[in-house]
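K.L.:
The lines below spell out each chain.
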Amino acid sequence: MQPVELSSVEIVTAIRQGDVSAERVVTAFLDRIARLDGSINAFLVVDREGALAKAAEIDRRRKSGQPLGPLAGLPVAVKDVLCTADLPTTCASKMLAGFRPPYDADVVARLRRADAVIVGKTNMDEFAMGGSNENSAFGPVHNPWDLDRAPGGSSGGSAAAVAADMAPATLGSDTGGSIRQPAGLCGITGLKPTYGRVSRRGLIAFASSLDQVGPMCRSAADCGLLMETIAGHDPGDATSLDTAVPPYTQLLDQPLAGLRIGRVAAHFAAGLDTEVARGVEEAFAVFKAAGATIHDVELPHARYGVPTYYLVAPCEAASNLARYDGAHYGHRCGPASGGKSAGDGATAFDSPLVEMYCHSRAEGFGPEVKRRIMLGTYALSAGYYDAYYAKALRVRHLIRQDYLDAFATVDVIGGPVSATPAFRLGEKTGDPLAMYLVDMYTVSTNLAGIAGISFPCGFTRSGLPVGFQLQGPALSEPLLLRAADRFQHLTEWHRRRPAGCSV
Amino acid sequence: MPADASPFTTVIGLEVHVQLLTRTKLFCGCPTTFGAPANTQVCPVCLGLPGSLPVMNRRAFDLALRAALALDCTIAPFTKWDRKNYFYPDLPKGYQISQYDLPFSSDGSLEVVDPKGAFPPRRVGIIRVHLEEDAGKSMHDEAAGTADSRIDLNRAGTPLVEIVSQPDLRSPQEARAWLNELKLLLVYLGVSDCNMQEGSLRVDANVNLHVPRGDGSTAKTPIVEIKNMNSFRSVERALAYEAARQWEEWQRTGIEMGKAPKQTRGWDDAAGITRGQRHKEESSDYRYFPDPDLVPVTVAAEELAAIRAAMGEPPTRLRAALAEKWGIPAADAAVIVNQGRDVVAYYETVAGLVGEGKPAANWLQQDVLRTLNETGGTITDFPVGPAALADLIGRVGRGEFDTARGREIFAGLLTLGRAALPADVAAAVAALGITAVSDDELTDLVRGLLTANPKIVADVKGGKEQAAAGLIGQARKQNPNVNPGKVREVALTLIRAM
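Line by line, the protein sequences are chains A and B.
According to the numbering used here, the first sequence holds residues 1 to 503 in order.
According to the numbering used here, the second sequence holds residues 1 to 498 in order.
Quick caveat, the hints were computed from the structure, so don't treat them as lab data.
Here the structure is a predicted model, which means the values were calculated and not measured.
Keep in mind that the hints are not guaranteed to be accurate.
To be verified - With a cut-off of at most 25 angstroms between alpha-carbon atoms, the simulated SDA-like pairs for lysine to any residue come out as follows: (1) B:84 to A:332; (2) B:259 to B:277; (3) B:80 to A:378; (4) A:370 to B:84; (5) A:370 to B:86; (6) A:391 to A:266; (7) B:80 to A:387; (8) A:370 to B:277; (9) B:455 to B:466.
As the list claims (entries may be wrong) - Derived, one-sided and incomplete: chain B residues facing chain A with beta-carbon distance under 10 angstroms: (10) 116; (11) 119; (12) 290.
We treat Cβ as the ideally placed atom computed from N, Cα and C, and that holds for glycine.
Use the sequences and the hints to build the structure in full.
P.N.:
Shown next as structure tokens:
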């Protein structure tokens, strides 16, 4: 078997046993990136030199009998929303083009300590705002299953990199579905952990109360392997949970008998693609055959999830993105644009400082980021706060309560991750509202702060992956990973590879 | 015009920002030392770099609790952090982490009593005390002839408490005295060094006039907020100027509060006037909302008790204790305590060695503090140590020297001390050429004087004992080291024996 066909678990085992060198594994993935990424655009930066040096170091250490970290030699690509001290970190925005942070994100530092090999930074929607990866300032990502289609977003680069075997494992971030939805559209497995399970320090904030870093891999077992490294308390993140990290990979191998899976009828209402519906129903059947029981549950406030999310997230984003003002780092308008740019909000009466702010932000941010900054600024403004932000927080509370009520009777809730399979690039770009609705099955998980996992459960007739989502209570990652892993022992969907990307 | 005849009442409320004396910043581990080279005490958190996250410094929170407790505030059992959003280059995140609707403390008060009774004791209500992070400093270098401004972010993230008073102050003088009392309290409790020059205490004042109308109702002039005052003296002057300006404007326009927007005026210390500042949009919309990066803070009763127990004695209690312990007048105790903890310690050492409070208080106020006022410096590096001063006070008390001579010796001690020489009384006495005059020497000297002054002898014999005082000057002329009391005593004895 070629190294690029191995799972993450298989790679770390093979390297540790000396069956294959880290250098050979890393080279194989780097070569594949070089061969395929020109047409996919999943990577913003590839660190060939750094990755090979790290691989050589691991091989040396292994030969001399020195201890190796649990991810020794595993190539990992990291979404460009995570700070890396040795590589540019841009959030796929012109605002941060060339920006190099002076520090590693907590998860990146954990990966390095575990001897993972960081091969590059993956493309994304600008500042993680979007569901198609078309909002990247550095061009869209193409879905490996059909290069004319979107990979989903915002972690589209990470999803596509795994789907095209350009990396066995990647990190994404999920604020309203940004791990699970692209995982679904690209036929891979992605876990959004419980809020606070993984440190946010060094994760460039989109919406701080919703953002969470998680693994995107070929299988649930691989996600568990990554979680053992990236999860854990960080005293540098006040919202990080100080709870022991379970040995996820050791908890997988247990039967599903007795698992109570909730099914929400509203998930199957009009708007759900029939082929997606079929794939999801078949997945329920697989679980049932394995001994799980399916129960109807209701999430009465779920229909307010998208509007609630599109108040809470932009309000936090508007504030989080205020720091990109051209004054300290990032894009600053050149003297040439002083007083010249039209339509950026600056007026003839403004001070040079205000003009600099207006022009720098007008030039540095893309249209979707501007749209969300405006939505958030408006909703937080005096006189609107109570009607919008405060009300959204109350609804958020109700949504959280819905889940608590549901989890009193079921262990997890299953259903579609996205209403349609991968859509065509450009199909929704003219209609922001249609784009916002791609998050309808995923945003509530973030609003409730709970965990969710997405994995492939079938394919459409035209060969596009269909994703299945399981949501579980806070800190239910062991259960979600186990359920997905058992499913993957009973099905082969996660082993399929896009034809155009065959080895 | 005497205050009670004023045609209006000046109503003043103060907003005081005080930097807490923490080693590190409020939400990161950077040091807070003043005066370091620009932008050297910074990290990703206080620079607001992408991905950085704040973590609260509990020590800063505890110091803020101490300040609020000293101001008799009610402490909220649950408090949270809010973001105050605005753009400015010295605010690197584009928002300040502050407290909006749930400050950690509220409803306190602080009384100020003037030792000389210049105004009646005034208890000033505290609306709220909240904790927030400071911004950096912008330096607009207009002198250099460029329009560039420079930003120093060393101060960004330093913990600040904002203390907002009720509009309970009724004169510029009261406002100044109250600020002095507040500063004293915070310095005594180790909450802040309250150094205005270094910006660790900043004051904004809100002021308007209440003008009684003939019909018994009261007209109120529009409230003005005064900024840019860099000393308590400036606060007093600015308020006095502003009250006069508002009175003039009121008489001219009759515009009442609510009919004109609240105005912000800057104090120009050199010109001695306030100037209207560019109208910022009045309800500056800061779009406050809870900071999602931080968790709410809870305060348990035991924590409060521990902070209260470790708090130390506030100035009010110390004044009473000092007056009681040393039997000195309340006014003396107030003057000593108002100088700060080190002066109190100095005083108590001297008084203890002397064994008596009042002479120590007199020497401290009339000589030590006067010298400090004239020459600057602090009591801790004052050239005359408490032991030497106590020795001197003791000798004067026992009649070894009269007070005038004692002052000369005090001056001698200062000279020695400044020259870093051993400054004890014996050395000062030697340096001044003062030698003890023996009884025989003195008797001979007085005898000679009596012979030369038959008129004085006759007057004393005639019952006018005070005439003997006329000999003292002459005796000192002949020998400056004679003790005047002894001259008198010997003269009277000799005359009686004649």
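K.L.:
Among the hints numbered above, which are violated by the structure, and what are their numbers in rising order?
P.N.:
Violated hints: 8, 10 and 11; rest satisfied.
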